[in-house]
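Novice: Reassemble the complex: the two chains are provided individually, in unrelated frames, and hints are given to aid placement.
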Amino acid sequence: MALPKFQDPDLRSIYEKVAAKVRLDREDGLALFESADLLGVGALAQVVRRRLHGRRAFYIYNQHVNYSNICINGCKFCAFSRKAGEPGAYEMSLEEIFAKIEARRYEPITEIHIVGGCHPDLPFSFYLEMLRGIKRLRPAVHLQAFTAVEVAHLSDRAGLSVADTLLALKEAGLGSLPGGGAEVFSPRIRQNLCPEKLSPEGWLGVAQTAHRLGLNSNATMLYGHLETLAERVDHLIRLRQAQDETHGFLAFIPLAFHPQNTGLSELSGPSAIDDLKTLAVSRLLLDNVPHLKAFWVMLGPKLAQISLCFGVDDVDGTVMEERITHMAGAQTPQGLTRAQLRALIREAGCEPVERDTLYRVVEAA
Amino acid sequence: MMPRPYEIDEIDGIEGGILEKLIPGGRLDRLAANRLWDLDLLTLGSAADLARRRLHPESRVSYVIDRNINYTNICVSGCRFCAFFRPPGAPDGYVLGWDDLAAKLKELKDHGGSGVLLQGGLNPELGPSYYERLIGCIRDSGLAVHGFSPPELVFWADQWALTLEEVIRLLVAAGLSSIPGGGAEILMDRVRRLASPHKCDSAQWLEVMATAHKLGLKTSATMMFGHLETRAERIEHLLKIRKLQDETGGFTAFIPWTFQPGSTSLGGEPLGAVEYLRTLAISRLVLDNVPHLQVSWVTQGPKVAQLALKFGADDFGSTMLEENVVAATGVGFRLPREEIETLIRQAGYQPRLRDHRYNLR
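Chains as they are written, first to last, in our numbering: chain A, 1 to 365; chain B, 1 to 361.
Extracted from the complex, chain B is given alone in its bound form (with noise of 0.2 angstroms):
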């Protein structure tokens, strides 16, 4: 007798329709994804495990060693579910130092680092000048700059009277390698004009990727959910990214995490670890065409983030020699290298050096 698939009649009770959409590699409409959350955390795992080894058959992890370097606080957005900034003229405002940046810089290096993650507040005190001094510093060093976000790159445009694609070329010009896909938060404006009524809007957002997309750039993109959004808000993301995805192929990878209400003025409850991984396997699922699903260890620890490699994600981020934003909510996950990779082979799996662009070192 054949064995029945687990997955169906005996452990939800759920009709087969959705997993048999997604299983010959059809790919989920919006009324499909959204139905994906009446499915139960390892029939997901299992689909999504199954979607990454399609798309990753080698059974590796790759992770970067990098530290984030904020190089400043100082920021005029105000979002209500961020511990990290200060507003212009708060006593404990900062911008890095220089010698204070080259000193950190020579610790990666030490380290065996290959980039820095580059972020700061919308600080309107910092000029162009400013950033290709910034930059140079970091490329002279030998590390690739990995920086900025869609929200800087749009508060410059205006602050500077240019265009997207001319801030971003005289920052390509200056030696940026690829940007992180941070300020995504959740791509819809109902939650955004809630919880960061003075950032950039979704569309913008996407304008800025899909800007630097087509000057070559990579790029990553996340989402911070478990504040004000539903279920089908983080689905619409998703479907937006995957759109642009479409067009201009520059995502490398998608890393979700959760909101953290430690000393944020949204405040409440963090969301648990079951939703983090469902969340995270409906993002594989639907994210049919971008390469990586980053684990994010510094919000779940490590125990969730070894689980998350078997609930669709491939990548397990960076060993974060400093992290500074999360760490202001309270949240203080540390992990050395050793213990990534350890975390990494407990799990099935051989680690991997990358770099900024993903590519295997």
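Pulled out of the complex, with its shape left as it was, chain A reads as follows (with noise of 0.2 angstroms):
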């Protein structure tokens, strides 16, 4: 009896292999993104997600503090930064940071996940300070901190090394490092957007540096810009060896690029059919990072849940007053409450679970 098969008979080859267990290299990698069948890829990166996840998606109950948009670096990619006096430069004290953190001190918080520029200026004990204030206003929630970028940065600014930053901030209540900062780590792509930025091999480098204080991060990629598709799966091959040997990475997230109000307005941003593509090939390629995360805000609510079956086992959190995205013309909702995660997450056949930061079930209060 003839069923219905891969459209595309370069997946067949790449099923056996998934099937198998048996690791993927770079070729199968550009197949599965130059594949014109999108459902079969997707189909082979649920193999893998049921593997891991059976039919559970997680979410988690946070909260984004974006400090201050002032950075040394100017990222054409980037509608966020601001140099300082610039019109739209703003950066908060620790008071406004903590007023914040306050206005939602009853809310079933997890984690606060701050992220922000490079900041000339700002002393090494402000980033402490942040970290200290918030723990003593909310001790139980995890602080999920500064990226690779921003501790390199802060390294520099303290004169000290990236493992005694680490340590310093792990000190102050860094509980584990986003995975921002990563874009794609091809040095052409670097050359012309990003040339002041830290290298791929500094932004590992804090990353494993990290995993072996025994914090861990995460891992992203800015796609759908002026990246090829080999671009890309060198990428992911390059995230993949440096997780065999620390193992720090929690989750993978694919950040597709938004062109609004950035140096690269004439691009038009990847399609949705580029975004689940990315989604899933991630899934196949990274088989040794547990988690696969689509974030929301960036690729709306109705794509992110439609992700869940392509390889996707997370949706990110509730999230509140997220600015990066939005100040690069993102039109989604600054916040889910839990109830529409919720919703979202079992009309795509999910079952829906709360998570923290390290992926610990949270029982719902």
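If you're looking for bench data, these hints aren't it; they were derived computationally from the structure.
Do not take every clue at face value.
Claimed, not checked - In silico SDA-like cross-links for lysine to any residue, where the CA-CA straight-line distance does not exceed 25 angstroms:
no., chain 1, residue 1, chain 2, residue 2
1, A, Lys21, B, Asp40
2, B, Lys240, B, Leu164
3, A, Lys17, B, Leu266
4, B, Lys214, B, Leu164
5, B, Lys243, B, Arg231
6, A, Lys17, A, Asn66
To be verified - Okay, the calculated bits of chain A under chain B, using three or more residues with CB under 8 angstroms as the criterion:
no., region
7, 40-49
8, 268-281
9, 294-307
Given the structure is predicted, the values throughout are model-derived calculations rather than measurements.
Each residue gets a CB set at the ideal place from its N, CA and C atoms; glycine is no exception.
Specialist: What follows is the structure, given as structure tokens:
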């Protein structure tokens, strides 16, 4: 009896590898990205997703704090960054940050997610005070703070090694690092788009140092601008190698490029088909990273829901007051409630599970 | 070793009966159609895509340049899912002026439009001569009139004391070219009594379409879902359309779209994108005799609309230079022609212009 088969015959050999749990190589990654059979690629990713997580889909009750957009890097893909004194530049004082935390004190938030620019003047003590002060207000929350790019910048500012910088931050309350700032590791792209930014070696070095100090981190890839499909595959494989060494990445989060208000506003950004394929291929190549997250702020709730059928097991959080993507023209709402997230997950045929930063199950209060 | 097909064991653990029934081209009966809901999104999508490729082996996606002209928002029907209508006597009720109409037609011509989707409320003040003039104006400007819907036609038959056939003949004589499939909502009277008790019932809706088809008019059919209906009632809706199509062959396309609760008395949360795509794919599989399946970018947005092309749809609908009914719920997607073409190309298809009877231009 003839049953529907992969439209793309190249996917059959990859299916055999996936079924046999054989690691996919660079050529497989390219074949997946180049395949016109979107649903076939998605089905392969689902094999892995279900093996790892069954029908569970995770979300977190979190709060975002983007403390400042003042940044010494002028990355072309960024709509958030400003130079000091430029219109639209802002920095929150410690009191303002604490007031934001205080304002949501009675919500069952388990994670506070803190990301900002590479500020030229703020002293290292500001960051340590920020973490300590938030911990004083909410001792139980997990602080996921400062991308590898910020950590490297702070180590420069403080005149400390990366390891000592991370130890000082950990001492002050840091729980883990978010995955931002990885962009695409290709030197060609970085020379063009973000020449001043921390190098790929530097980014991976910070992440791996963190892992060795017992701090987990996430990893990202900003896609849909000038990079080639091969450069995406190389990025994923480089992350996979690093994970083989230190095992500290919890989740991978592909970030869809939003062109509005950036130095690349002539581009259109990735299509929905590209979004889903990138998520699915990431699931297939990154066989050693436990979680794949669709950041709904970037994809929109509709596509984030669909992505749960394309390898994704995490839709991020309730998020309030996100600035970085919204300044790039994201039309998505500022926050989704728990009930909305749970309904979105259920409708995709998955079982909603509230997690903390380390993917431990949070029993609903 | 032969690869195992991914749809059955590995992914869902469901037995293969339903898909085996589909693949040789057999027809889904009520029981099999209802069991499609047990399949996961990708399984449904690949089966629907197979059905679509069998019907449309050319890899193209059609669309039409038009605008929705809503000649009046005054309506005695008062459907609970509608944010557009105003009852007679309401201060913001309107009937479109003739100069405004002429300006809208000119703008559409300038954009390369081939026709107008013309619809309005059930307005008791408007008689046959109004409609003859309205249709005539549009036809004389060189645009096709894709007009009205079964609830309007049933209402006029009653108001004007004519048979349905007489009403349709009168409109065709004035220049009506085809009829959109609006007002179908869910063709189950249990649901209609709750959501739209003053609107034509499902038998009347089907009777209008049967009469139009008999007179040689092509029509489309719609389904508005995600309000008070069950999934099984969506299947009944599809089966009713399929049965009539077996008899007349007059349906060109099926257009499912989701209820948008904003500013309606029914309210609630909108249905999500996964349920939209699943329902779309099931529509393709059940409606084996309706040639085209249209995406609803106006309710789903461009991203989901693009994906819908992988879930059985082969038509992108229209550029909708103007749209008022969905916009009244606060959902306001807009897509210029160039963007529609880009979305189609990115999905791997050739965009092709068509007219309202689905002939390629």
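Novice: Taking only the CA atoms, is the gap from Lys243 (chain B) to Arg231 (chain B) under or equal to 25 angstroms?
Specialist: holds (19 angstroms)
Novice: Tell me if the straight-line CA distance from Lys17 (chain A) to Leu266 (chain B) falls inside 25 angstroms.
Specialist: At roughly 50 angstroms apart (the allowed maximum being 25 angstroms), Leu266 (chain B) and Lys17 (chain A) break the hint.
Novice: Within 25 angstroms, alpha carbon to alpha carbon, are Lys21 (chain A) and Asp40 (chain B)?
Specialist: Given that 25 angstroms is the threshold and the Cα spacing comes to 23 angstroms, the pair holds.
Novice: Can the region 268-281 of chain A be counted as covered by chain B under the rule of three residues or more with Cβ-Cβ separation shorter than 8 angstroms?
Specialist: holds (count 7)
Novice: Measure nothing beyond the straight line between the CA atoms of Lys240 (chain B) and Leu164 (chain B); if it is 25 angstroms or shorter, mark the hint as holding.
Specialist: Roughly 20 angstroms between the alpha carbons, so the hint for Lys240 (chain B) and Leu164 (chain B) holds.
Novice: Given as covered by chain B, does the region 40-49 of chain A meet the bar of three residues or more with CB within less than 8 angstroms?
Specialist: holds (count 6)
Novice: Need the status of pair Lys214 (chain B), Leu164 (chain B): alpha-carbon distance at most 25 angstroms?
Specialist: holds (12 angstroms)
Novice: Next pair to validate is Lys17 (chain A) with Asn66 (chain A); report whether the Cα-Cα distance is within 25 angstroms.
Specialist: Outside the cut-off at roughly 42 angstroms; violated.
Novice: Counting residues of the region 294-307 of chain A that have a beta-carbon nearer than 8 angstroms to any beta-carbon of chain B, does the count reach 3?
Specialist: Result for this restraint: holds, n = 6.
In summary, the structure is inconsistent with hints 3, 6 from the numbered list given earlier, while agreeing with the others.
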